[in-house]
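Undergrad: Turn these sequences into a full structure, and let the hints guide you.
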Amino acid sequence: MDIYTNLILIKNNKTKEFEDKTKEIDYLKSFEDKVEIAYSNGKKSYRYNASNVQIFKKPKKVSLRDCIVYISDIPVRETSQILDFGEYIRVIEGGGKAEIHHKSQVRYENSCLKLNKTKAVFGYLKKLSMHVAVMEDGRTLLFDQYNKITKLSSDSVLSTYLEGRDIKSHKNKKAVIFPFGFNISQEKAVNAALQNSISIIEGPPGTGKTQTILNIIANLVYRDKNVGVVSGNNSATANVYEKLEKDRYGFINALLGRKDKKVNFFENKQVDLPDLKDWKLETEKEKSLLDSLKNMDSTLDDLLQKHNKMVKLKEKLSKFKLEQKYFKANFNWEYITTSNYSVFRKWPSDLILNFLPYFEKIMLRNKRMNLLIKAILFIDYGIYKFKYISEKQNTVVNSLKRDYYDRVIEHLEKEIAALENDLKGKSYDGLMEDFKDGSSKLFRAYIEKKYSKESRRRYTIKSFKYDFKNFIKDYPIILSTTNSIMTCIPENYLFDYLIIDEASQVDLVTASLALACCKNIVIVGDVKQLPQIVPSDIKENSDKLFYEANINEAYNYSEYSIISSLIKLYKDKLPRTLLCEHYRCHPKIIGFCNEKFYDNELVIMTKEKNRDVPLKIYKTAPGNHARKDKLNGGSWDNLRQIEVIRDEIINANKDKYRDCSSVGIICPYRKQAEEARKYFENLNIEIDTVHKFQGREKDTVIFSTVVNDINPFVDDENLINVAVSRAVKEFIIVTSNKLFKRHGSNIGDLIRYIEYNSLENPVVESEKISVFDLLYSEYSNKLLKIMNSAKNVSEYKSENLMYSVIEEVLNYPQYASFRCVIHIPLNSIVKDSSKFNNEEKAFIQNPWTHVDFLIFNKLDKEPVLVVEVDGYEYHMNSSEQRRRDAIKDKILKQIDLPILRVATNGSGEKEKLIEMLDGVIKMSGESD
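Just so you know, UniProt numbering puts 317 at position 317 of the sequence shown, and the rest follows in order with no gaps.
Since the hints were derived computationally from the structure, they do not count as laboratory data.
Errors might be hidden in some of the hints.
Claimed, not checked - In silico SDA-like pairs for lysine to any residue, Cα to Cα no more than 20 Å straight-line: (1) Lys309 - Thr140; (2) Lys309 - Glu608; (3) Lys225 - Ile71; (4) Lys321 - Glu778; (5) Lys890 - Trp848; (6) Lys262 - Glu413; (7) Lys519 - Glu448.
Unchecked claim - Pair ranges (Cβ atoms, derived): (8) Glu410 - Asn711: 21 to 29 Å; (9) Ile899 - Met296: 32 to 40 Å; (10) Gln393 - Lys656: 46 to 54 Å; (11) Phe331 - Asp543: 37 to 45 Å; (12) Ala842 - Lys656: 47 to 55 Å; (13) His170 - Met296: 41 to 49 Å; (14) Asp429 - Glu99: 52 to 60 Å; (15) Glu99 - Leu431: 15 to 23 Å; (16) Asp429 - Leu322: 27 to 35 Å; (17) Asn268 - Lys168: 37 to 45 Å; (18) Asn711 - His170: 45 to 53 Å.
A virtual CB, placed ideally from N, CA and C, is assigned to each residue, including glycine.
TA: Right, dumping it as structure tokens:
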């Protein structure tokens with residue numbers, strides 16, 4: 001019978017399944033409860049019970065023009081015919097092969113490319129793909145792939161992205177396992193990935209991105225899902241593949257990608273199923289393991305929180321000890337203990353911070369202590385020698401500051417010891433290992449159950465897409481480069497999940513092809529590392545096409561990678577997880593990146609030793625040593641810096657650098673890398689640009705800045721972040737003297753950070769004392785609380801307003817390295833008072849002579865600007881106050897510390913502050 005107009009299903013008595021016999025039937029005749037059927041290959045007819053025969057006629061022909069048909073999630077080929085018989089559909093392929101499928105297996109989807117918004121963005125990306133040249137076999141690979149996308153499933157992530165639709169959420173019904181180990185932020189990232197159709201994992205250097213990806217993969221496979229893993233480079237996906245292979249999961253991966261990778265896989269990498277008997281778990285054992293993991297989960301969460309807290313406390317302790325060294329190095333006053341005037345022999349740090357602003361208040365306003373003040377001092381602070389503390393105000397205050405460091409350090413050490421003891425007592429490491437081991441057993445038991453009943457099929461590079469339903473079942477993990485993933489699957493196929501690694505370097509044209517072939521996506525990257533490089537000619541074409549398209553700024557190819565585009569498009573609605581725990585670099589090395597770029601959100605798990613010197617500066621002699629190669633794309637080189645690396649670093653420390661394979665030399669410019677290779681061709685040193693070194697690491701990294709003067713390319717924050725975070729044990733910067741300590745520059749802040757953290761070998765002497773950030777930040781916070789308002793810096797409304805202005809301005813990106821503290825004593829700013837006259841000395845040494853606001857650089861704590869608020873009545877009508885102002889101005893001028901005076905009856909405070917800060921930045925550059 002004609003299969004295009006009829007569908008006859010007959011029940012098989014053995015299998016009890018209905019089978020399509022349409023082609024084999026010559027004719028049929030229906031009776032009341034019987035059906036008589038004659039087959040075309042025989043003379044005899046057969047009678048069947050009517051209940052064993054299903055007859056369908058006159059199907060609807062389904063147009064594939066704007067519709068995608070999925071059968072069990074596998075798209076029907078464009079060359080096929082689809083006949084809809086109601087309860088069943090018949091698919092007739094180009095070669096005549098016909099199959100029937102129940103309607104429950106079939107899904108029809110209209111293409112979303114008809115929508116104006118989607119069409120506009122997709123059109124922009126498609127046109128741009130002609131200019132983004134990725135060649136394979138002489139073809140423009142990306143444009144060819146865009147040409148093949150004539151329809152787009154509304155279930156795809158690309159559809160959601162192009163339309164800006166809400167991100168879908170999923171319920172997590174199955175236990176989350178961690179066969180590769182985990183920490184707090186990784187656990188959060190895995191859960192977010194499983195619960196959302198789009199999620200971002202921001203992975204700063206050394207925070208376990210690959211480990212997180214592996215756990216996501218394991219959970220997806222455990223849920224019978226498939227997953228594509230892609231990256232802009234082969235090394236990232238190869239890293240995932242190798243780690244899965246190492247743990248014996250290699251047989252469920254297919255490492256595909258470009259044609260040569262596919263050929264290699266299908267000819268050499270298809271392996272038989274290994275013996276999985278040792279992975280098998282009995283049902284009761286599996287249930288017991290699940291219960292055990294559930295019970296361990298809450299205990300582990302608590303221990304992980306404590307472990308992270310302990311690590312942050314150790315970081316804080318290290319900073320306090322360093323600041324204490326600076327304090328002791330700069331202050332040599334007489335020291336007295338609280339036992340000289342208080343019945344409380346040892347004041348805790350909180351008591352000290354409470355006392356200092358109160359003492360300042362009573363000494364400045366009251367001059368004398370009345371009975372009420374004495375009662376408060378005795379009850380709250382145990383003070384009974386009132387005359388003594390009045391006569392020795394300076395000594396009391398500075399001794400208490402010294403005590404503050406001791407008390408804080410003692411408290412931190414006790415807190416750390418208690419946490420260490422708690423973690424040790426509850427077998428933290430053992431519990432983590434048990435959870436990882438239990439997760440692995442469950443994962444392996446699932447794989448054993450899935451594969452043990454089947455034999456491994458063999459596929460070819462030509463056939464695997466035709467049998468993709470089985471191929472993706474055999475290999476649920478497919479790895480590829482981002483620009484080749486669409487060539488690894490049938491047209492319109494959607495992975496359950498896709499993971500894009502190193503996403504900060506994946507451009508929108510390439511990434512959108514990956515988004516087109518998945519239902520859910522996990523974007524892994526770091527917006528604070530280097531994005532893709534957009535050549536000037538492509539940027540010109542992109543900008544032209546972008547403005548013609550009149551689409552959302554988030555789709556601007558020139559400005560955004562896929563990770564930054566999604567952040568721009570979805571803002572706070574995007575599920576984002578920062579991987580916080582850092583395991584790679586020396587604490588002082590990653591400490592710079594943490595403070596400068598990551599808002600101190602990283603939890604640094606590495607340890608430092610007392611004699612470590614992880615940070616070094618080599619500064620070349622004055623002179624314009626850098627040269628621009630106008631014939632080589634404007635690249636720069638600096639032979640003087642290369643000679644410094646050779647003579648003063650490598651050759652001067654031959655014993656240390658005997659094995660140069662652990663050393664990397666990096667620089668911003670390709671020309672410098674090429675020249676450096678000539679100097680070190682006999683040594684096993686890797687030399688390359690910072691861009692090429694992203695994602696890699698070396699024990700020692702030597703960073704050559706190359707240029708004579710700071711420029712935006714060399715000083716790019718992402719470039720500096722990548723450069724520093726490549727170093728595991730030692731980071732050395734070789735710099736021009738003009739790049740030395742410019743405020744407002746990333747290189748300048750790096751130099752300042754290195755200097756501050758190398759107290760034993762300061763590079764430059766200064767008349768100003770570094771601000772005791774930890775002490776005075778806490779003091780400022782305490783003062784704010786005492787004033788009963790977060791902004792109530794003083795009783796004068798004008799000072800309150802000025803504090804708000806300063807906070808607002810310091811939030812501008814160009815001033816991000818600056819901080820502000822309040823009411824800082826002048827004797828905590830002036831390094832040496834011996835060069836001043838007696839009146840000025842007395843003024844400096846008075847403990848209550850302070851500046852209203854002190855702005856400083858947070859990387860080396862150097863004061864950069866004083867802001868004073870002058871009340872009109874108090875300052876203009878008081879000759880004594882004008883005299884004191886003049887002395888203060890003279891002292892600050894003497895130590896080269898600029899001052900901005902703001903009158904209470906004036907205006908334009910914000911503009912004046914910005915002008916002063918810009919001046920500070922400019923002057924710091926001129927002084928290099």
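Undergrad: Could you work out which of the previously given hints the structure breaks and list their numbers from low to high?
TA: When the structure is compared with the hints, numbers 1, 6, 7, 8, 9, 11, 13, 15 turn out to be violated.
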